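A.B. asks: Input sequences plus hints: build the corresponding full structure.
From first to last, the protein sequence lines are chains B and L.
Heads up: the first sequence begins at 1 in the working numbering, then just goes up one per residue.
Heads up: the second sequence begins at 1 in the working numbering, then just goes up one per residue.
Fair warning: there could be bad hints in the mix.
In silico DSBU-like pairs for lysine-lysine, Cα to Cα no more than 35 Å straight-line [stated by the list, open to error]:
| # | chain 1 | residue 1 | chain 2 | residue 2 |
| --- | --- | --- | --- | --- |
| 1 | B | 61 | L | 91 |
| 2 | L | 77 | L | 64 |
| 3 | B | 61 | L | 64 |
| 4 | L | 91 | L | 64 |
| 5 | L | 77 | L | 91 |
What the hints contain is simulated information worked out from the structure, not anything from laboratory work.
Every value quoted in this text rests on a predicted model; they were computed, and no experiment measured them.
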Amino acid sequence: MTTDTTTLSLRRGLVLFALEANYPLALLGRALEERVLPFYGGASAASGQAFARDLEYLAEKRLIDRTEAELDGRRLVSWRLTASGLDVVTGVSQVPGITIERAR
Amino acid sequence: MRAHATAQRDEARRLVAQEGLTYAQAAAATGVPESTLRKWGAADNWTAERGRTQGYLAQADAVKQRLMEDAISEEGKADPQKIFAWLQVEKAFPTYRYGQGGVDVKAKRALLAGFLDGLVAYFAEHDRDALALIEPHIGGLAKVLGADV
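C.D. replies: So, in structure tokens, the structure goes:
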């Protein structure tokens, strides 16, 4: 199932908003998934791939940061909104490929 | 006594910061004087939290609207896969939970029920295949709405 570009750019914005709630702290990957994955079509391989692609995209744009840690032998991934990402959410700056419906 | 006061403060914060009520509306709903709510709100920065929540909810709503628009072609043909995807989002983030301000949950639920009725009627007339695919999922959503009464 293809996704149109408007939905793509809106979902990327949604990821930024989900992380902004915790700014400047990070959010565990699982917690972020709970907030955003339903908008990618729920828990499926295709949804997971699309979500992972958007996380990579936002990280390459330096709007989010990824950190890894180990706890009791388990790998924990967390994501944090950067200052540049906060600028996008609050409407200070605009980035092609990301649509913010209503800047905070 | 302290537990009750904390619960009142938490509820007031939820109404103002999450549901988007005004301080006057929250005062009426909780029985706490508006001046007290404003003091609490200033101390805990409810306004900033409301801004963050409303921004997120507006974005979520925009994604849902776009998913629905994308699901129906210009000729009026529905893509069952895309409709199913929209229904999954609606189950996870029902519109009645977070409409644009106000707490009239019953009215919002009635609105959603009316929308679903219209959706089913549309598919019954234009696209029986799509209707057959989504009908089982709409039934489940209707049950969820019923459970929240």
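A.B. asks: Taking the hints in turn, state whether each one holds.
C.D. replies: Against the structure, the hints come out as follows:
Proposed proximity of residue 61 of chain B and residue 91 of chain L is supported: the alpha carbons are some 32 Å apart, at most 35 Å. Among the hinted pairs, residue 77 of chain L with residue 64 of chain L is consistent with the structure: their alpha-carbon atoms are about 18 Å apart, no more than 35 Å. Proximity of residue 61 of chain B to residue 64 of chain L is assessed by CA-CA distance (about 25 Å); at most 35 Å being required, the pair is judged to hold. Taking the CA atoms of residue 91 of chain L and residue 64 of chain L, the gap is near 11 Å; set against the 35 Å cutoff, the hint holds.
Restraint check for residue 77 of chain L and residue 91 of chain L: satisfied, since their Cα atoms lie roughly 23 Å apart, inside the 35 Å limit.
Against the hints set out earlier in the document, no violation occurs for any number.
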